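Asks: Here are the chains, one letter per residue:
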Amino acid sequence: MRVKLFLAAAALLPAVGLLGYAGMREARIYYLEVDRFLAEPRFQQMRVRLCGTVGGQNLDRVPAEMTVRFDLLGRQHSLPVTYRGAVPDLFKAGAEVVVQGRLGDDRRFTATDLMTKCASKYRPDDYQPASEPSS
Amino acid sequence: MIVSAGNALLSLLVLLAVGAVVAAAWGGRFRAARALTLARVLLGLILAGCLLGCVLLTIAFVTDAFHLEYVASHSDRALPLGYKISGLWAGQAGSLLVWATLIAVAGLWLAVQIRTWTPAAQAGALATMAVVVGFFAVLMLFVNEANPFSPLMVTDPATGGLVAHTPRDGQGMNPLLQHPAMLAHPPTLFMGYAGLTVPLALLVGGLLAGRLDRQWLCAVRRWTLGSWILLGVGILLGSWWAYVELGWGGYWAWDPVENASLLPWLTGAALLHVIAVVRARRVLKGLAAGLIVVTFLLCIFGTYLTRSGIVPSVHSFGESDLGTFLLAFLLLVGHGAMALLFWRRRLLRPDADRRWDWRAWALAAAACLLTGMAAVTLLGTMTPALTQWLGGERAAVEPSFYNRYALTGLGLPLLALLTVASLVSYGRPAGLSPRRGLHLALGAVAVGAVTAAVLGVGDPLAVVVAGLATAAGVVLVADLVGSVLARRKRTGEHVLRAAMARLGRHGRLHGAQVAHLGVVLAAVGIVGSGLFGQKETVRLAPGGSQRVGEHTLTLRHVRDVRRANYGATEAIVHVRGPDGESTTLRPQQRRYDKTPDMVNQEVALWSTLGGDVYLAIAGGDPAGQFVFLEVYLTPLIAWFWIGGLLLTVGGLGPRLVTVLVHRTSPATAGQRAEAPAPPLAEETEMST
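One line per chain: the protein sequences are A and B, in this order.
So in our numbering, spot 75 of the first sequence is number 75, and the numbers just go up one at a time.
So in our numbering, spot 368 of the second sequence is number 1368, and the numbers just go up one at a time.
Calculated from the structure, these hints are not laboratory results.
Owing to the predicted nature of the structure, the values given are computational and were not obtained by experimental measurement.
Treat each hint with caution, since some may be false.
[Unchecked claim] What follows is a set of in silico ranges between Cβ atoms, one per label pair, in the way DEER data are often shown:
{"#": "1", "chain 1": "B", "residue 1": "ASP1213", "chain 2": "A", "residue 2": "LEU13", "range": "29 to 35 Å"}
{"#": "2", "chain 1": "A", "residue 1": "LEU19", "chain 2": "B", "residue 2": "LEU1327", "range": "26 to 32 Å"}
{"#": "3", "chain 1": "B", "residue 1": "ASP1169", "chain 2": "A", "residue 2": "ARG61", "range": "23 to 29 Å"}
{"#": "4", "chain 1": "A", "residue 1": "GLY104", "chain 2": "B", "residue 2": "HIS1574", "range": "22 to 28 Å"}
{"#": "5", "chain 1": "A", "residue 1": "GLN76", "chain 2": "B", "residue 2": "ARG1077", "range": "35 to 41 Å"}
{"#": "6", "chain 1": "A", "residue 1": "GLY104", "chain 2": "B", "residue 2": "VAL1450", "range": "44 to 50 Å"}
{"#": "7", "chain 1": "B", "residue 1": "LEU1390", "chain 2": "A", "residue 2": "ASP60", "range": "38 to 44 Å"}
{"#": "8", "chain 1": "B", "residue 1": "ARG1562", "chain 2": "A", "residue 2": "ARG102", "range": "37 to 43 Å"}
Ideal Cβ positions, reconstructed from N, Cα and C, are used throughout, including at glycine.
Please construct the entire structure, taking both the sequences and the accompanying hints into account.
Replies: Structural data, given as structure tokens:
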């Protein structure tokens, strides 16, 4: 019985592993920071997920078009983003967001999904926490 | 004052935990009853200390002690009292304190429960509980981000050094967390996590004592079941919160934080199935032991996953060196447990008179499928970290990965197995012969599938699920009802009395049936809402109508609403269903005075057994000339919640019924008293 069980497991495990790996490759989506995305042209052809911070300068909500335009800030570079759809509650300038979509011909990133990071902890406005680098 | 008192308390907790470990080890090694008593007392003191910590922190929240960083970043003066108290678990540091407190509660409870066990068994269990709670105290004491009592420090612009600072007001609580479900979701989840420490403690005790007997197994089963149910309720509350609060029309997004709580739930479910095999057949003890360890490790691993920053998540607690501590603890416990299991491997061998039967095979297969689901979920969740470790670019997997592999690939066979297993294991006691049961099940598969097809369900997956779910449901209900009717026929009792008596006597069996019925209904809800959900964005002017699916939406008017702490735009929408029934929904977009630059969705729901109509305002003309509404039609989703509820009732119900039957029915009580006490009286009582 034990030998049979071991043989069955030995046969099944690699198969399951392979299946999982294949599935992982198929369903994967690159998860990048803005700078990395802009530095590597191959990503600019794909649908990707980008994380960054919402810039305050060009933040433009157009409720009549159900659209929001903003700059997604990386460490050094920023990327203009257009998103059409319901904006999540925590979206505002300075919020960390994750957008999913692809780069358009006009070099604007068209997002189909916009998620805000749901931080349980609010970043204080009237003091600079010691552990945070000043921005 | 609170800062120094809190930190002193945390230091004391570490010392008490060390003391409890030493006392337990001494008591176990030298069979010293007094040392074990001391260990119990120390566990009691740890609990008192943890509770005092919670009280201190609650006082800090209620009195707006913003000189504490934790309070300043999770509360403000205007926050309602209930949410101020919930601030205790609204963030990382506080939730660790709550978790530690709950482990301490479980530890003391366990200590009292097993006080008559052999010294070695007690010593192992008590020391394990003390180690885990001690670890949490160390975390809070030494990792700044995990310390709920650390003072708020700011950089002094003049000197560049750090100075303590008390802001005028706190930053307030995340508005999304200000929801009734959030009052209950985290504590329930942590109760589950804390409870799942106990099976590990019992395992260590049992292995050290060299005895894994029936009494031990019963204790493991009871603690696993209770904790697993609490974990399930916690997850369910979290999903419900996401559904009604986040405004994207779904309840599960396969985000790492959600997956982290699902992993121990899945392995816990597998463990419960393996325990049933061990109880009945004395085989698979090693697998049960392995699952106990893995389930505990997954509870901690989930925290590691989300707090260490190795996997990006939309729910982020921020990165900190908490991860290093958690990883070290995971490795320590994992390796320690493996060494212990290897050392006592003889105990885990099957008994000489072992016998496998169909029921045992079915249970083992269910455990494998559930563990497989956990493995797939883990793989998907870890993909960002794995792709980076393997030297590639960081990539995540889309929800389709989980849906295809965890739900369809493994969940569907699980549903099929449930149908077969219901016939194999339940068929006999109800007087339903396996042959008749099989005919019934096959008939039900056909009826379910044909009905679905006739109703216009085109998706083959849905047709299969409809067939399987109907069959599993019919077999389970037929058995449940059949066994009650059989008893009524035999004894001539009233139906209700027969049902109560039957449930009281075979509570575990019928509890499992009700729980499995819950799984079937939840599967219907998952498939219905997942495959046939519709999302449409409509632009409506006042008086205008639009059809979405089989529903007609008419915008009556848009108005501004003003309440004490927010202003809102409200759309009044009349919804007419396919059968002429109608209702009025009022979705809102709120701007809270505290956070005027943020827009909060307040979704409106029309929930029926057939499906939900879910409305959220996505935008519109500021003058109220038109609004954009996001309309989600989620068929059958109510069955997911009903299924979850049944799963809980099935787990808890038998115990309640047993208590009720024994209290209310003198006849049953009399019968029990007259019957000779079984060799393990406690077990029969506790396990039903």
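Asks: Please write out, lowest number first, the hints stated earlier that are contradicted by the structure.
Replies: Hint 4 is the one this structure does not satisfy, whereas the remaining hints hold.
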